[in-house]
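There are 2 protein chains.
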Amino acid sequence: MLKWLVLLLPGTLAGVIDLAVDWMTDLKEGVCLSAFWYSHEQCCWTSNETTFEDRDKCPLWQKWSELLVNQSEGASAYILNYLMYILWALLFAFLAVSLVRVFAPYACGSGIPEIKTILSGFIIRGYLGKWTLLIKTVTLVLVVSSGLSLGKEGPLVHVACCCGNFFSSLFSKYSKNEGKRREVLSAAAAAGVSVAFGAPIGGVLFSLEEVSYYFPLKTLWRSFFAALVAAFTLRSINPFGNSRLVLFYVEYHTPWYMAELFPFILLGVFGGLWGTLFIRCNIAWCRRRKTTRLGKYPVLEVIVVTAITAIIAYPNPYTRQSTSELISELFNDCGALESSQLCDYINDPNMTRPVDDIPDRPAGVGVYTAMWQLALALIFKIVVTIFTFGMKIPSGLFIPSMAVGAIAGRMVGIGVEQLAYHHHDWIIFRNWCRPGADCVTPGLYAMVGAAACLGGVTRMTVSLVVIMFELTGGLEYIVPLMAAAVTSKWVADAFGKEGIYEAHIHLNGYPFLDVKDEFTHRTLATDVMRPRRGEPPLSVLTQDSMTVEDVETLIKETDYNGFPVVVSRDSERLIGFAQRRELILAIKNARQRQEGIVSNSIMYFTEEPPELPANSPHPLKLRRILNLSPFTVTDHTPMETVVDIFRKLGLRQCLVTRSGRLLGIITKKDVLRHMAQMANQDPESIMFN
Amino acid sequence: MLKWLVLLLPGTLAGVIDLAVDWMTDLKEGVCLSAFWYSHEQCCWTSNETTFEDRDKCPLWQKWSELLVNQSEGASAYILNYLMYILWALLFAFLAVSLVRVFAPYACGSGIPEIKTILSGFIIRGYLGKWTLLIKTVTLVLVVSSGLSLGKEGPLVHVACCCGNFFSSLFSKYSKNEGKRREVLSAAAAAGVSVAFGAPIGGVLFSLEEVSYYFPLKTLWRSFFAALVAAFTLRSINPFGNSRLVLFYVEYHTPWYMAELFPFILLGVFGGLWGTLFIRCNIAWCRRRKTTRLGKYPVLEVIVVTAITAIIAYPNPYTRQSTSELISELFNDCGALESSQLCDYINDPNMTRPVDDIPDRPAGVGVYTAMWQLALALIFKIVVTIFTFGMKIPSGLFIPSMAVGAIAGRMVGIGVEQLAYHHHDWIIFRNWCRPGADCVTPGLYAMVGAAACLGGVTRMTVSLVVIMFELTGGLEYIVPLMAAAVTSKWVADAFGKEGIYEAHIHLNGYPFLDVKDEFTHRTLATDVMRPRRGEPPLSVLTQDSMTVEDVETLIKETDYNGFPVVVSRDSERLIGFAQRRELILAIKNARQRQEGIVSNSIMYFTEEPPELPANSPHPLKLRRILNLSPFTVTDHTPMETVVDIFRKLGLRQCLVTRSGRLLGIITKKDVLRHMAQMANQDPESIMFN
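First to last, the protein sequences are chains X and W. Under the numbering used here, read the first sequence as residues 179 to 867, first letter to last. Under the numbering used here, read the second sequence as residues 179 to 867, first letter to last.
Hint data in this document are derived by calculation from the structure and do not stem from the laboratory. Mixed in with the good hints there might be a few duds.
[Unchecked claim] Taking lysine to aspartate or glutamate and the EDC-like style, the derived pairs with C-alpha atoms no more than 20 angstroms apart in a straight line are: (1) W:358 - X:822; (2) X:799 - X:728; (3) X:570 - X:680; (4) W:675 - W:654; (5) W:358 - X:696; (6) W:766 - W:789; (7) X:826 - W:730; (8) X:354 - W:730; (9) W:351 - X:696; (10) W:354 - X:813.
Values in this document were obtained by computation on a predicted structure and should not be read as measured data.
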């Protein structure tokens with residue numbers, strides 16, 4: 179029963195990370211006098227001056243300039259604060275990259291490409307270990323606080339999967355069965371997204387659509403349960419300050435109109451273009467890092483990028499604040515009490531102050547200033563994210579992508595709003611926007627833009643719409659979101675089919691057989707299997723005629739994972755498959771413990787020992803390690819079927835026979851190379867580590 | 179492009195069905211004078227007297243007694259209306275059952291068990307035909323209007339799948355590829371649930387969890403798209419009268435409290451018990467119908483059940499109204515303007531009339547009357563639904579199950595509310611229910627009860643919670659719903675693992691291999707394959723030594739679907755598999771068109787004709803029909819793997835070999851029998867039609 183408490187781990191970790199990030203992000207600006215471990219908000223919350231307007235300026239919270247030189251205004255105070263901001267950012271980033279380098283090299287990146295690969299059947303030892311869990315959690319806090327353009331969502335999925343791996347190591351039922359372990363990991367991935375966004379259903383669908391390779395139905399309920407437990411653990415820790423479950427809670431008061439679909443689709447096009455641009459540039463930069471001397475200085479790279487980010491980000495209020503705060507502000511509808519610069523509209527003095535449903539108003543000076551700052555922030559985010567994602571630190575992509583989309587969307591939204599306000603009589607506005615009505619919600623545009631950009635980068639579809647739907651909690655906006663998501667996917671797919679995760683899988687050369695690719699070519703297993711015509715014959719074992727020395731030589735000369743066992747070299751009739759690892763172990767054990775086993779001993783895989791001439795050495799029985807049911811196809815099997823079998827059964831290799839005679843072998847790598855060849859790609863571009 | 183308009187079909191049909199049902203249900207009570215095709219609501223909507231209170235009593239709407247004998251009150255008028263109600267119900271039911279019997283016998287039942295079986299790879303010819311589509315749509319309207327205790331949700335899934343089948347018949351890409359056709363059907367099933375409830379995400383998850391057998395990821399997006407298109411087509415037809423998407427739109431004003439989890443879990447237990455009771459009794463009754471003379475009088479059975487239903491239902495207002503109206507009323511929170519009997523609370527005269535957030539009040543006379551009527555309605559619904567589901571008419575189970583749960587839930591809710599009102603000082607209430615506060619929402623209890631009962635019958639989990647979540651549109655109530663759904667599933671599973679659909683699949687003997695059952699026994703393929711020890715050897719063909727006559731005899735004497743082809747009877751080395759159907763066709767064609775083919779002709783499956791003695795008849799080449807890549811496993815393969823392969827690859831049979839020598843065959847039916855045997859069931863209880 180106690181073991182089940184591990185289920186609470188992802189939610190708790192996410193809560194702790196949120197609290198720590200809040201505190202450390204604010205530490206870059208100042209410190210709380212009453213208790214240094216309070217964030218700005220907590221510090222002022224406990225202060226006595228709780229009038230709504232002054233809450234931001236409570237005396238207990240001191241900026242660094244106030245604390246150090248007792249100045250709160252003026253150029254020197256500004257410069258001091260600026261410097262402190264940069265220093266803290268550099269310190270956090272340096273700590274993070276050092277920790278990752280020294281203790282857990284697998285803690286870097288978002289982890290989603292690797293988890294996809296692991297769930298498809300590949301093993302990366304230590305990738306989901308406890309050490310990775312610990313270091314990734316700590317460094318995630320550091321890098322997010324350092325103000326780099328990255329998010330915590332992808333790494334949270336990795337952290338949750340580490341928890342899941344830890345969980346399955348506690349139960350022998352899961353740790354001994356690779357398939358069951360993968361089911362637990364799928365559920366953990368759902369829990370990760372669930373805590374990242376507070377979207378349990380979206381988390382399950384994300385795990386289903388994006389991460390998991392094979393998703394058995396019984397996993398569905400488990401994933402949902404894990405996602406809910408995680409979401410509610412997080413909620414009871416309550417890092418978002420409101421008792422809501424979700425990260426960005428928004429409530430809009432007006433419906434959308436058919437004519438608005440046009441800007442929404444434009445935002446979709448923007449999202450698709452951004453996705454393409456980002457993937458191309460990021461992959462090119464990462465390839466350069468892999469292949470040139472740049473890759474040898476990861477610490478320096480992180481320091482330089484952090485310094486540039488901090489220097490450029492500080493002067494602009496929209497880049498200085500944390501990215502999730504920025505998104506939250508951009509999503510928000512302007513209420514009557516809103517004091518944000520973005521809500522600096524000119525109010526009609528004749529109007530009584532309503533609570534909801536404020537009609538469209540002309541923009542004030544603040545809004546125009548905000549537009550300029552947002553435009554600069556947009557360019558900055560686009561450029562810096564390309565260089566940030568892929569550095570040797572934990573880095574997620576959801577939040578920066580959403581920020582780019584939200585900025586673009588809010589700008590478009592304000593534009594449409596002002597156009598509609600000043601040109602009520604235009605034919606496109608006349609039908610739905612009377613003077614004095616609240617027709618356009620710029621926050622909705624920000625949300626649609628965020629969905630479009632996230633979709634362009636990750637190519638998520640259903641889970642994306644559902645996550646956004648859970649954020650707003652209204653079915654009303656599902657059509658705008660879908661329109662943007664579909665457009666974005668179409669536009670991005672037109673330039674290249676791969677999402678960022680698949681692109682990174684390719685870049686790293688993981689053997690990943692994508693379930694989404696369709697294979698429709700008419701090739702046969704015989705075209706793909708090895709040995710090809712002219713190649714030396716397959717390395718096989720015979721069932722009762724090879725000596726221990728023969729086998730040891732074979733093992734030494736080849737690096738195959740295993741060897742088919744046939745009746746004899748002449749008949750080539752397949753009887754089973756022996757793993758390299760088990761062969762080595764069995765021979766080693768036999769040589770040490772079994773008497774009479776020498777290099778000349780005959781090894782046999784049959785039930786009965788073969789008839790040997792007198793005074794030949796004692797034979798070695800190895801039937802125990804023989805897999806008597808290796809997976810076979812005939813040479814006439816269409817490759818379409820073979821690919822299907824590899825995918826659905828998660829095979830690593832498959833033997834090819836004709837009427838029981840062994841002809842060759844097809845490995846997963848052969849299948850991948852063949853698929854690349856058929857898609858007119860260079861098969862050698864698929865590297866394997 | 180025009181073909182894609184088929185996508186609009188499910189939504190449109192659902193809209194038409196809704197409108198027709200509204201009209202015909204009201205026709206049992208009276209008729210609209212201005213236009214006879216108006217339902218009660220439409221009739222009064224267009225009338226001039228549109229004050230809110232009198233809208234139900236507009237002069238244009240005439241009850242049958244008013245129209246026929248010009249009396250609206252009194253015993254004779256009541257009896258006349260009663261009789262008309264019964265007559266119309268009998269007429270509708272008779273028409274429905276006759277149409278089904280004469281034109282489309284497959285149109286009966288809910289159709290979900292059959293669709294599950296079809297998606298698992300079994301073929302029922304005509305089950306998804308256009309004729310079934312038409313008749314099922316028409317008769318669905320008739321039976322729902324007749325007032326029988328059944329719903330339209332299951333049949334709508336069948337109707338949507340017929341549309342999907344029609345759609346795939348338009349594109350050769352889908353009609354020629356069985357796998358792609360199944361993907362379209364999965365998407366159609368999602369669209370069906372989507373229109374039934376207005377829950378697009380729930381529809382997709384229902385299709386995933388309950389209906390589909392193998393759900394490839396690319397189907398996900400298609401299903402979601404189909405579900406959305408269907409939902410919005412339905413919305414633009416707008417049958418529910420409000421511009422909401424969902425069937426039962428509710429908005430609650432108060433949160434739930436931890437202490438309320440106890441009654442929610444009690445409702446879960448009730449749901450589980452109801453599920454068990456219903457499945458047991460319904461299956462027993464259906465078995466009796468199948469095996470006794472009862473099954474020979476389907477029309478009479480429907481007439482009798484309809485008559486009994488109408489006679490008992492009319493006097494009770496909660497059973498007289500349509501079941502979906504009843505559920506809607508039970509789900510609703512009592513607002514200030516509510517005139518329903520269920521909302522007859524005693525108002526505090528000192529209180530101003532608020533719009534929302536009405537505090538708990540003592541129950542009035544109306545509420546107590548309603549409680550009695552609801553109790554009677556509960557018993558009636560429980561009994562009559564058992565006899566209704568499975569008759570030879572279209573019948574869904576969602577709505578009656580939800581009604582049972584909603585009635586029970588509302589009663590529990592009112593009980594808790596009154597307890598809390600009168601006993602504020604009890605320790606369990608003291609923490610969360612101060613006097614004058616709105617603590618208990620009886621409508622929420624109805625919703626939780628409905629979820630629990632639906633879960634007990636169908637054993638849905640995630641999709642159930644999501645459908646309910648989409649109905650309320652708030653994440654707040656996800657925990658009560660989950661608690662009830664999980665409890666209900668646990669309780670019901672304790673009495674028997676099968677949901678109602680699986681039970682009906684078993685009853686009808688469809689070869690369905692459930693993906694949810696785990697197979698963990700240590701048997702091997704050799705234990706399951708046929709021929710068993712002592713049985714005659716397998717019927718095989720040899721590659722070049724059998725005559726046409728030999729094969730014709732073999733075909734005549736056996737009824738196997740196909741025959742393995744081996745090199746010779748001595749070596750028994752497998753070279754392929756020949757389908758019975760194609761063999762018959764090939765021989766027939768050859769005898770008619772090819773010269774020199776006589777009964778003595780040798781049939782050969784090799785590339786080259788065998789060497790024959792001179793003046794032997796012309797041989798017949800059949801390599802073309804030989805499947806050169808039959809699926810094989812070795813005799814040592816664990817049955818766990820075999821079951822997995824059958825499931826994931828949707829096989830119908832699999833050959834068993836050892837080193838290429840054919841040993842036997844395993845069919846899907848063998849696998850099913852073996853699984854039943856291992857689960858200590860009588861394997862003969864699995865009948866196959």
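Violated hints - listed by number, lowest first: 4, 6, 7, 8 and 10
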